[in-house]
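Trainee: Each chain, written out:
Protein chains: 2
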Amino acid sequence: MVDPDGIYYLGPKGSFSHEAALKIEGNHIEASSISEIFDKLSTNAIGVVPVENTLEGPVNETLDNLYTRKGVYVNKRIDMKIDLVLASRPDVELESVTKVYSHNHAIHEARNTLSKLGLTNFIPVNSTSKAAQLALEDKQSAAICSRFAAKLYGLKILKENIQDGVNITRFLVVSRELTEVGERTIVFFTVPDVPGSLFKVLEKFYLHNVNLSMIYSRPTKIIPWNYYFYLEFEGSISEAKRTGLLDELSKVTQELKIVGSYTTIPVT
Amino acid sequence: MVDPDGIYYLGPKGSFSHEAALKIEGNHIEASSISEIFDKLSTNAIGVVPVENTLEGPVNETLDNLYTRKGVYVNKRIDMKIDLVLASRPDVELESVTKVYSHNHAIHEARNTLSKLGLTNFIPVNSTSKAAQLALEDKQSAAICSRFAAKLYGLKILKENIQDGVNITRFLVVSRELTEVGERTIVFFTVPDVPGSLFKVLEKFYLHNVNLSMIYSRPTKIIPWNYYFYLEFEGSISEAKRTGLLDELSKVTQELKIVGSYTTIPVT
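So the protein sequences, as listed, match chains Y and C. Residue 1 is where the first sequence starts when you use the numbering used here, and the numbers rise one by one after that. Residue 1 is where the second sequence starts when you use the numbering used here, and the numbers rise one by one after that.
There may be inaccurate statements among the hints.
Intra- or inter-copy, both count: the list cannot distinguish identical chains.
Straight-line alpha carbon distances no greater than 27 Å define the calculated DSSO-like cross-link-like pairs of lysine-lysine that follow [what the hints assert, rightly or not]: (1) LYS251 - LYS139; (2) LYS221 - LYS81; (3) LYS23 - LYS81; (4) LYS200 - LYS251; (5) LYS139 - LYS200; (6) LYS99 - LYS40; (7) LYS159 - LYS221; (8) LYS221 - LYS116.
If you are wondering where the hints come from, they were derived from the structure by calculation, not from laboratory data.
The shape of chain Y in the complex, shown without the other chains (with noise of 0.2 Å):
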């Protein structure tokens, strides 16, 4: 991978993209959307995108973006648990706290922890990193936030992993340069409307005794009804090389895009 200059992330500072950027060194610089870090990538430009999550399944935004652009490619994953924290200004006590900013996902996913302390009045912002900065200047709020925007903000933290279930968000790390090693491979691919022509695809994933992490299926926008498929499969795209599955795969699909082969920084 180059060595880049500027790592993009999806903003506001103090957001789970900037805190996934961090995990590589460079000068981060924030976007303020998933198409806007594509269009930054250049020959020393990377980007961090969010593309999965065990709550809300795939972003949708990455996806398309990697599918209809030309020469972009993955080559690591970032793997994030989001815990979430009640955070505020360190002047203020949990007994003070009448209402709390965050973003709608963070607050259904913290209201069950919360309302048994009292807390149901939630105010809807943009972004989490947003409640962060809204609660640092209102001293009868509190926000949930990241322990990373709680930090960055200023502020002292009341409460921790006030969230229901487990969120565990995936980051792909994106650039101009092809990795053909790595655990894991991405493809895209569309197939024709006939009857078994997934299955081909797949037949061939089983013939070679490849096993698949990950398939969607999303739109192509252009047909009605037209579909992509996302998949992701273990093994290298060296290996798939060698082993004839990339030449295979080309035979039975309409379209073959390979994204590239990424090693996985794990969960912290």
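The hints should help you fit chain C onto chain Y, whose structure is shown.
Mentor: Okay, now just chain C, sitting in the frame of chain Y:
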């Protein structure tokens, strides 16, 4: 299917869901969320829920409700072509419009056409129906909404077919009663995490020469990176029982949930 007292749809009044629900005679009742529609289902109340559209793909809240709830079935599908119009108060001319209200998705779809008319000041609101209401109150504004919403709120149509691309949305009629005959059948299933498990499910359809019309995967939310599959195939439950397909599927899946066969009310 039951002759329902109540037909629940996702409001507000004038929404695309409302328009779809009117294809079925009965007492139409507004709900504030997709999950609330599922809550209301009873022996004499049915629901109309969006399930997929050509631009955005599946509607996750509908899939998750169908997968997790017991005794909820699909009986019909309603396809609606989403045509957007620019509409204003009857006493407003295009030249005097300085701002345009709509839902973010609709703004995105109509932005190209409207910018050619010199309209670039877009104000995002919660729904296209809300936009129509706001346009009625404000003489310098217009709304991007459906022809149906424009009519309902007494607006004048300034410009038709302002969206890019073809947006068809599919709605499902859901009830407490299983239908075993119809053009297509919906099933949900999970598979063990071993090589070839999805392949072995699709193989059954291939061997029976049954075409798949849709397949989506979604996180189960219980165990991280465990997925359930939403699959539609051509033909009815009664047919799939007769040929043995359903029996064979139950042997290669962990969980298999039959949600119903449906007939389609075509695009209008």
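Trainee: Against this structure, judge whether each hint is valid.
Mentor: Against the structure, the hints:
Taking CA atoms no more than 27 Å apart as the test, LYS251 paired with LYS139 passes in neither setting, with 64 Å inside one copy and 59 Å between copies. With identical chains, the CA atoms of LYS221 and LYS81 are at most 27 Å apart between copies only, with a shortest distance of 14 Å across copies and 32 Å within one. In this assembly of identical chains, LYS23 and LYS81 lie within 27 Å of each other by CA distance solely inside one copy; the values are 13 Å within and 45 Å between copies. In the homo-oligomer, the alpha carbons of LYS200 and LYS251 lie at most 27 Å apart both inside one protomer (10 Å) and across protomers (21 Å), since each shortest distance falls under that limit.
For a Cα distance limit of 27 Å, the shortest separation of LYS139 from LYS200 qualifies neither inside one copy, at 61 Å, nor across copies, at 59 Å. In this homomeric assembly, LYS99 and LYS40 never come within 27 Å of each other (Cα to Cα): the closest approach is 38 Å inside a single copy and 31 Å across copies. In this homomeric assembly, LYS159 and LYS221 come within 27 Å of each other (Cα to Cα) only across copies, at 24 Å, whereas the closest approach inside a single copy is 44 Å. In this assembly of identical chains, the alpha carbons of LYS221 and LYS116 lie at most 27 Å apart only when taken from different copies (23 Å versus 45 Å within one copy).
Checked against the numbered hints listed earlier, the structure breaks hints 1, 5 and 6; every other hint is satisfied.
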